[in-house]
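Letter by letter, the chains look like this.
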Amino acid sequence: MDLNYSVEEQAFRAEVQEFLAQKLPKEMSEAIRLGRELGKEGHEKWHAILNEQGWLAPNWPQEFGGCEWNAVQRHIFEEECCRAHAPRIVPFGLAMLAPVLQKFGSKAQQDHYLPRILSGEDWWCQGYSEPGAGSDLASLKTRAVRNGDHYVVNGQKTWTTLGQHANWIFCLVRTDPDAKQQSGISFLLIDMDTPGIEVRPIILLDGTHEVNEVWFTDVKVPVENLVGEENKGWTYAKYLLTHERTNIAGVGFSRAGLDAVKRMASTQMHRGKPLSENAHFAARVARAEIDLMAMSTTNLRIISRAAAGQAPGVESSMLKVKGTEIRQEINDLARRAAGAYAMPFVSEALEGANEPDMGPEGSAAAAPQYFNNRKLSIFGGSNEVQKNIIAKVKLGGGA
Amino acid sequence: MNFDLTEERQMLQDSLRRFLRDNQEALRASTRLGNAENSLGFDAGIWTKLAELGVIGALFSEEEGGFAGAGFDLTTVFEELGRAGAVEPLLDTAILGGGLIAALGTETQKELVEQVIGGEVHLALAHGEPNSRYDLAQVETMAKVEGDDIILTGRKAVVVNAEAADYLIVSARESGAAGDEDGISLFLVPRDSAGLTLRGYALLAGGRAAEADLEGLRLSADARLGGPGTAYAALKRATNRAEVALAAETLGAMEAATEMTREYLLTRQQFGRPIGSFQALQHRMATLLIELEQARSAVINAAGHLETSAEEQALQISAARNLVGRAGRLVAEESIQLHGGIAMTEEYELAHIAKRIVMADHRFGDTDTQLERFIDQSAA
Numbered sequence: 001m002d003l004n005y006s007v008e009e010q011a012f013r014a015e016v017q018e019f020l021a022q023k024l025p026k027e028m029s030e031a032i033r034l035g036r037e038l039g040k041e042g043h044e045k046w047h048a049i050l051n052e053q054g055w056l057a058p059n060w061p062q063e064f065g066g067c068e069w070n071a072v073q074r075h076i077f078e079e080e081c082c083r084a085h086a087p088r089i090v091p092f093g094l095a096m097l098a099p100v101l102q103k104f105g106s107k108a109q110q111d112h113y114l115p116r117i118l119s120g121e122d123w124w125c126q127g128y129s130e131p132g133a134g135s136d137l138a139s140l141k142t143r144a145v146r147n148g149d150h151y152v153v154n155g156q157k158t159w160t161t162l163g164q165h166a167n168w169i170f171c172l173v174r175t176d177p178d179a180k181q182q183s184g185i186s187f188l189l190i191d192m193d194t195p196g197i198e199v200r201p202i203i204l205l206d207g208t209h210e211v212n213e214v215w216f217t218d219v220k221v222p223v224e225n226l227v228g229e230e231n232k233g234w235t236y237a238k239y240l241l242t243h244e245r246t247n248i249a250g251v252g253f254s255r256a257g258l259d260a261v262k263r264m265a266s267t268q269m270h271r272g273k274p275l276s277e278n279a280h281f282a283a284r285v286a287r288a289e290i291d292l293m294a295m296s297t298t299n300l301r302i303i304s305r306a307a308a309g310q311a312p313g314v315e316s317s318m319l320k321v322k323g324t325e326i327r328q329e330i331n332d333l334a335r336r337a338a339g340a341y342a343m344p345f346v347s348e349a350l351e352g353a354n355e356p357d358m359g360p361e362g363s364a365a366a367a368p369q370y371f372n373n374r375k376l377s378i379f380g381g382s383n384e385v386q387k388n389i390i391a392k393v394k395l396g397g398g399a
Numbered sequence: 001m002n003f004d005l006t007e008e009r010q011m012l013q014d015s016l017r018r019f020l021r022d023n024q025e026a027l028r029a030s031t032r033l034g035n036a037e038n039s040l041g042f043d044a045g046i047w048t049k050l051a052e053l054g055v056i057g058a059l060f061s062e063e064e065g066g067f068a069g070a071g072f073d074l075t076t077v078f079e080e081l082g083r084a085g086a087v088e089p090l091l092d093t094a095i096l097g098g099g100l101i102a103a104l105g106t107e108t109q110k111e112l113v114e115q116v117i118g119g120e121v122h123l124a125l126a127h128g129e130p131n132s133r134y135d136l137a138q139v140e141t142m143a144k145v146e147g148d149d150i151i152l153t154g155r156k157a158v159v160v161n162a163e164a165a166d167y168l169i170v171s172a173r174e175s176g177a178a179g180d181e182d183g184i185s186l187f188l189v190p191r192d193s194a195g196l197t198l199r200g201y202a203l204l205a206g207g208r209a210a211e212a213d214l215e216g217l218r219l220s221a222d223a224r225l226g227g228p229g230t231a232y233a234a235l236k237r238a239t240n241r242a243e244v245a246l247a248a249e250t251l252g253a254m255e256a257a258t259e260m261t262r263e264y265l266l267t268r269q270q271f272g273r274p275i276g277s278f279q280a281l282q283h284r285m286a287t288l289l290i291e292l293e294q295a296r297s298a299v300i301n302a303a304g305h306l307e308t309s310a311e312e313q314a315l316q317i318s319a320a321r322n323l324v325g326r327a328g329r330l331v332a333e334e335s336i337q338l339h340g341g342i343a344m345t346e347e348y349e350l351a352h353i354a355k356r357i358v359m360a361d362h363r364f365g366d367t368d369t370q371l372e373r374f375i376d377q378s379a380a
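As given, the protein sequences belong to chains A and B, one line each in that order. According to our numbering, the first sequence is numbered sequentially starting from 1. According to our numbering, the second sequence is numbered sequentially starting from 1.
The hints are all genuine.
For the chain B half of the interface with chain A, some residues (derived, Cβ under 7 Å), not all of them:
1) Y201
2) L204
3) I336
4) M344
5) A351
6) M359
7) D366
Simulated coverage check for chain A against chain B, where a stretch passes if three residues somewhere in it have a Cβ under 8 Å from a Cβ of chain B:
8) 195-209
9) 332-339
10) 359-368
11) 374-387
Derived by calculation from the structure, the hints in this document are not laboratory data. C-beta: ideal position from N, C-alpha, C; glycine also.
Only chain A is shown next, with the shape it has when bound in the complex (with noise of 0.2 Å):
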């Protein structure tokens, strides 16, 4: 047992930080650290940044372009990038299309479409849960009929993240309705410009427009937009979530989060005091920090574990579930911390870093994403899904 990093690793992690440091634009930063959107010119602008220092694509194997980086690797540049307020790297061609491609795909494939993610020419978004399957994915609807050398596409896809930015979409498709559920479905790979296709926007409670509904009418697919053999997109399918849950427990998140609410309390007058020295404000953001210490060292167990080759288990249900939790108790401290000045919806202060906080800095941003962030427990395979998994490998049988 040793808590320590290796000599090698700190070395990377200075690397890492010397980066963050000439080359994150301030203005980036900044807006992020302050809760603020981003916009797709400031995601494409630190995509290219991170493309030009080779480090976009940290899990990617090195003949593809990638880093190889291993799992602690990994997890020090995630946390380098949150403690500097880096933006979020989008991950749908990066860190979920990109590795099926990489197992699945054929070297046509490989070659037109990994290239094009890495340069920023492509903008993937993914088209995996319907109205009617949510956490039941695999009941999924939408049609695809082959017809001659291409497919025919009909049906809607819903809470596709950032769709109204993309150019190609991934998508689920039941290509045998005779089939059981998870056997009769197809992995497909669909240009957006494609006639009968129409993003619709879905606005969330934080007023922030981040989803979307992308529907299908008679969208003609070529054959060779295929991933793999036809029918068998569920098992691709599942290898692509255990990447969706890559960095799942969201430490980075939390640390800067947690920093934020100590910030804004420390400049809130309470009862004479700040609000920081207050008993019971301290004791609570106490109990978060005390969960969180204890959640980063178990996301390091399985890190490490990882890192020498072996499959996390149950662990990433939990760290899911723990992360999350974790996270959403942060943002209601945020949001307890910014007083009655977590009450006003200024749309202009929760973009770009421009317009000051009406109120003390991080408060506009506090309530919407403590709002936003209820998704948290609701995407990438709800809390109740997660802790299935752990009941059902644990107590064996149904869950």
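Position chain B against the provided structure of chain A, taking the given hints into account.
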């Protein structure tokens, strides 16, 4: 012992519930996030009809020109507003604004109360400040007597309903230090007064508010409500009533949230059956219903003690708001979780209801602050 509503209150509840249900669409339209076309933040037509229905009058005693005004009248009205997710500013115009004028005003000033009851006048209480947090005595805005005039200087924070208000009731200090209960006065300030600048914005849970900058705002001495430096007791009394009303509104919103969630569990199909057939979810629904009844009793406790000693009121109100705050957060978060993504959308009614529940905690003292007040009161 009798926990039934009186016949009058039952009628009030029935007619208000029916009215709000029949006007669901107009209510909903005015609550849309950042509703740019609507500079009031609520629907003016609905306001007029609420006055005609006697809903505003029910919040005032006969002596004040109304016909009810007791704690249970307040809770009857606000529970219904909460169920409907209404953002109409009854709390600001009637309970706070009207209540303060009725308590402190001269005969001439009190004519405004009649107009409030008639639905013709809107009010806003400009009391909180950037540094006051939830402390009622923390007033830094200054009032200086200059000959026959009074000059106000300072900034008021998150003044709900400011832009719609014909008059703002502005608190300012005439003596003592920030934090002293003595020395605070209230002034009746027409919204279009020179020296008063409003910076308005939408609220996340619907309605509007503004930052109010007071720069050399000149008033004549008859703008003062009550005597100089003695407004604290009336402010305390008005916010007590507002806290009871707000707790009842949150209770109503919690009822709506649990009903929608129950309905959803019975109809949403996943894995070939209604998700309400999963025991894990059944137990969570049961927990919400248990907490809802706790909240209902806490509101009854507070409303039933509005006419008792200051100490007893303080104890009961902080207890109710702490409990409603805790149970409300649970109901709001769990209702969203049990629905899944659909409840995260602005369009879905529950999203608005959940925001009403949670954001109520940011007025007059949040759940933790209420706990501290309860501890102080218990120890006293």
